[in-house]
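Participant: Residue numbers (the numbering used here), protein chains in the order written: chain A, 7 to 366; chain B, 7 to 366; chain C, 7 to 366.
Hints in this document: simulated from the structure, not taken from any laboratory. There could be a bad hint or two in this list.
One copy or any two copies: either way a pair holds, since identical chains are not told apart in the list.
[What the hints assert, rightly or not] Restricting the straight-line Cα-Cα distance to at most 20 angstroms, the calculated cross-link-like pairs of lysine to aspartate or glutamate (EDC-like) are: (1) Lys-312 - Glu-292; (2) Lys-46 - Asp-96; (3) Lys-124 - Glu-223; (4) Lys-355 - Asp-182; (5) Lys-124 - Asp-182; (6) Lys-354 - Asp-330; (7) Lys-124 - Asp-330; (8) Lys-312 - Glu-223; (9) Lys-312 - Asp-330; (10) Lys-46 - Glu-198; (11) Lys-82 - Glu-341; (12) Lys-351 - Glu-160; (13) Lys-97 - Glu-160; (14) Lys-355 - Glu-326; (15) Lys-124 - Glu-148; (16) Lys-351 - Glu-341; (17) Lys-354 - Asp-125.
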Amino acid sequence: MTAQQTSLSGTADPRFFTRSGPFDAQALADAAGATLVQPKNAGVLPAFTGIAPLQNAGPNDVSFLDNRRYAHLLEKTQAGLIIIAPAFADKVPAHSAALVSSAPYLAWSRVARLFHPKDPAAPGIHPTAYVDATAQVDSSCEIGPFVVVGPHAEIGPRCIIGSHAVIGQGVQLAADCRIGSHVTLSHAVIGERVIILPGARIGQDGFGFAVGPQGFETVPQLGRVVLEHDVEIGANTTIDRGSVTDTVIGAGSRLDNLVQIGHNAKLGRCCIVVSQAGISGSTVLEDFVTVAAQAGLIGHIRIGAKARIGAQCGVMSDVEGGADVIGSPAMPFREFFRNVAVLRKLAKKASGPAEDGSGK
Amino acid sequence: MTAQQTSLSGTADPRFFTRSGPFDAQALADAAGATLVQPKNAGVLPAFTGIAPLQNAGPNDVSFLDNRRYAHLLEKTQAGLIIIAPAFADKVPAHSAALVSSAPYLAWSRVARLFHPKDPAAPGIHPTAYVDATAQVDSSCEIGPFVVVGPHAEIGPRCIIGSHAVIGQGVQLAADCRIGSHVTLSHAVIGERVIILPGARIGQDGFGFAVGPQGFETVPQLGRVVLEHDVEIGANTTIDRGSVTDTVIGAGSRLDNLVQIGHNAKLGRCCIVVSQAGISGSTVLEDFVTVAAQAGLIGHIRIGAKARIGAQCGVMSDVEGGADVIGSPAMPFREFFRNVAVLRKLAKKASGPAEDGSGK
Amino acid sequence: MTAQQTSLSGTADPRFFTRSGPFDAQALADAAGATLVQPKNAGVLPAFTGIAPLQNAGPNDVSFLDNRRYAHLLEKTQAGLIIIAPAFADKVPAHSAALVSSAPYLAWSRVARLFHPKDPAAPGIHPTAYVDATAQVDSSCEIGPFVVVGPHAEIGPRCIIGSHAVIGQGVQLAADCRIGSHVTLSHAVIGERVIILPGARIGQDGFGFAVGPQGFETVPQLGRVVLEHDVEIGANTTIDRGSVTDTVIGAGSRLDNLVQIGHNAKLGRCCIVVSQAGISGSTVLEDFVTVAAQAGLIGHIRIGAKARIGAQCGVMSDVEGGADVIGSPAMPFREFFRNVAVLRKLAKKASGPAEDGSGK
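Just chain A, same shape as in the assembly:
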């Protein structure tokens, strides 16, 4: 088997994705909030049956361009309808219609969702699941195989709990949450529409211990984890519960895979934390902070609203709101890249022939 052999002519393999439609171009334009532009040299538009990337799309597919890196794919695409920014609209082939939008990725998102809506909960508790007699599970919930729901846990309407997930004692989930397979939830209070991908660990003991005469002594971790409305948590991510206050992930924030959040950390609204980043205990992120992949923040610091922490950045002190920092230790983007350039120049001078500029 090779990638070649398994590639698809379109996308959205029907083994995995159910499909709605077909839709006509104007319905798609309406869903996308985009302007429909007819093809230059074609007649009546067909009904559109699905979505596909530019290189695979056919006349009945909707495709999109969001990244100028891939603009060359426009030349050869057979896509019948292309979602595109105004700047590229004149590059659309003559046989293709366009949905022109100043937010093409958002438009794409909505069109894709129209063709492939989320499956709703299929109410019922799988016969292999173990639900404690004192737990309250709304009758509209879908509880998968081998799920454990502990004593006094509460699960709100239309939640979907994936196979083998553990909803610990007293945990509270509001409506419309989707909890992936193998997720562990303990000591946690979860808002509405929260999504947690497989294998995430939420609410276990934080890393707290004191040095005693006989070795380390564990400090009891007596706080909780609070995930506010619309939070999304990636696969195998770990969020420790607070030690004396709560660990809080603010409404609308999104954490990627393999992220670590230490005890008592507080993330504001709509923060983004990309994969393998780590936020140490008691650190505070104000609203709209972005932490890129593999960045690390020490404990007990504050990151101001809308700050952006670059990939692999090591943050050892507070960051002002709106700042862009990178490097380890963290510094402004401009300073970091200036340092890199200056060091390269100095190193060339030190090691190569200095006068003629040929030193590499």
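Given the coordinates of chain A, work out where chains B and C should sit on it, guided by the hints.
Facilitator: Chains B and C alone, transformed into the frame defined by chain A:
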């Protein structure tokens, strides 16, 4: 739902934590090994019913100050009793008693444990668990739902095995271990009082292969994992078994979440490895080594006793006992920060107006 | 319990590993593709019963030397037979025979596999497993306790599915795969002989969202994960499915533990990705690329064939085939270490007494 709406007046939400007490101040002083100092302007001390952070504590709560960053919280706290270091004792409000200790975090740990002792094992094997007929499980153990205990595994007295955990063939656990949900244990020998948080993977194949004529060939991994007494392992951490010797985590060592330990690595006693750090195969840590978050150590090196490896450090060669290193490649702390300062200065000089010092 | 108390005289604890043999030296030489050299001062060679590291091996054990760091162990070893490179053959003790090979690690791998062959699948579906009525599971498969096999999933001959693994709806596994405990597979097409270690998450939603008027809006992730033949995936590693194309791991590639692979990434044949490294969305690795531990690659870049990305490297742009890069941002190995040396020298000059060279 917002953090505001879900915050608590005290701590230790009774949905999640059982509580002992109340306790009088002298009993708490005794447990903490601290000196009780009566409040300046109050009468008889109340019985204390719980613990809480300074900002939330009331007159019947015990609180603590361990980090000078939060000393300003003393001004407004209503806590009845505050665990505190001698240096801050005079900052305790007049209405509060104090437990003065030269090790306030340790004292806090013990007071918190007094109010919230660990739940003991509730003996019994859950009816949904699958225990092989040849396994030996002590009758005092608590075996959770959907646990698998493999052939010839041995589980000592008072162990608690969380739901869905897998205790593989031949694995041996000594007394009083606590194994979290979804933990996988194979090819492992585990000491007493070992704690493993949810999702940790212990004993799987190491990353070993040779280049053969047709591609990579897997090298059989024929060692084990040995976790000595009192080891603690974080959530979703991975510890590969040895290839020809054992992978060993020394007594009392603590690993945080998402840590990677390669095959044949040996950690001494009371080592600390913080989240997302990685230790490559066959590397040796002597006793009391600290590896901070996101640090990485290459294979086949030795880290001397009491060395401290800073966050995000990249260690490519041996480190002497007692050394403090940081940076990638690793260097002494002083050298690292000197380099940072010098480069910043050189870069400013290279890019800005040099004479008047105004260059930014 | 200490490491001392639990160490073994040989290796391959029989509680965990079954053993074949004994084998005579010539049979081992044949398996290894190595040349048998008789011991200088010994008589008839014994039958060999197992393998062990040099420091523990006895006269009936086979051992090996692959790393010159450990060459001093040859002096005291009691091993009866030692697999070794020609360069060290004259260091073999007089009482030991040798298997001389120009590829000693590969030779070792084959000898170790001879003594400890992989256990074959023990056909059968565990009575606690839940297999959907529409799934197709070959009768030669071994399906462990509490496994879930979803609707229309297909599992080929001789696959072994570990306890609690989830094979999602429509997922296809070809012959001879070994899926570890607690693995989650969804939206995936898997080749032959693929090995996935415990806790890996394959096929979940990628990290894709657009900024809408009310906050982030999830972009449907409509691609798949394709793992080609002979791929191996480490414990707790996460591979997101594609958004519009597939995420592909090429034939023979090996990923270590805690690795992150973003949506639409394409890895070629025989790539190596070491633990805790991360590859962002839509990035392409050509064949035989190595990514060392904790390295991070941004999205939408291309890494040429046989390039080597160093540990903790931060790759922000394309890398040419065959290049060796390290540092963050990535640069050629030589340049990186030259920069380090030059900065150290400049920093010493700036801070210490410059004239006499004594400045440290």
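Participant: All hints, please: hold or fail.
Facilitator: So, going through the hints one by one against the coordinates:
no.: 1; hint: Lys-312 - Glu-292; in the structure: within (8 angstroms within a copy, 36 angstroms between copies)
no.: 2; hint: Lys-46 - Asp-96; in the structure: within (10 angstroms within a copy, 80 angstroms between copies)
no.: 3; hint: Lys-124 - Glu-223; in the structure: between (47 angstroms within a copy, 13 angstroms between copies)
no.: 4; hint: Lys-355 - Asp-182; in the structure: neither (62 angstroms within a copy, 57 angstroms between copies)
no.: 5; hint: Lys-124 - Asp-182; in the structure: within (12 angstroms within a copy, 33 angstroms between copies)
no.: 6; hint: Lys-354 - Asp-330; in the structure: between (29 angstroms within a copy, 19 angstroms between copies)
no.: 7; hint: Lys-124 - Asp-330; in the structure: neither (36 angstroms within a copy, 44 angstroms between copies)
no.: 8; hint: Lys-312 - Glu-223; in the structure: between (38 angstroms within a copy, 18 angstroms between copies)
no.: 9; hint: Lys-312 - Asp-330; in the structure: within (9 angstroms within a copy, 34 angstroms between copies)
no.: 10; hint: Lys-46 - Glu-198; in the structure: neither (46 angstroms within a copy, 48 angstroms between copies)
no.: 11; hint: Lys-82 - Glu-341; in the structure: neither (42 angstroms within a copy, 41 angstroms between copies)
no.: 12; hint: Lys-351 - Glu-160; in the structure: neither (62 angstroms within a copy, 58 angstroms between copies)
no.: 13; hint: Lys-97 - Glu-160; in the structure: neither (54 angstroms within a copy, 43 angstroms between copies)
no.: 14; hint: Lys-355 - Glu-326; in the structure: neither (36 angstroms within a copy, 25 angstroms between copies)
no.: 15; hint: Lys-124 - Glu-148; in the structure: within (14 angstroms within a copy, 33 angstroms between copies)
no.: 16; hint: Lys-351 - Glu-341; in the structure: both (15 angstroms within a copy, 11 angstroms between copies)
no.: 17; hint: Lys-354 - Asp-125; in the structure: neither (59 angstroms within a copy, 57 angstroms between copies)
Checked against the numbered hints given earlier, this structure breaks hints 4, 7, 10, 11, 12, 13, 14 and 17; the rest are met.
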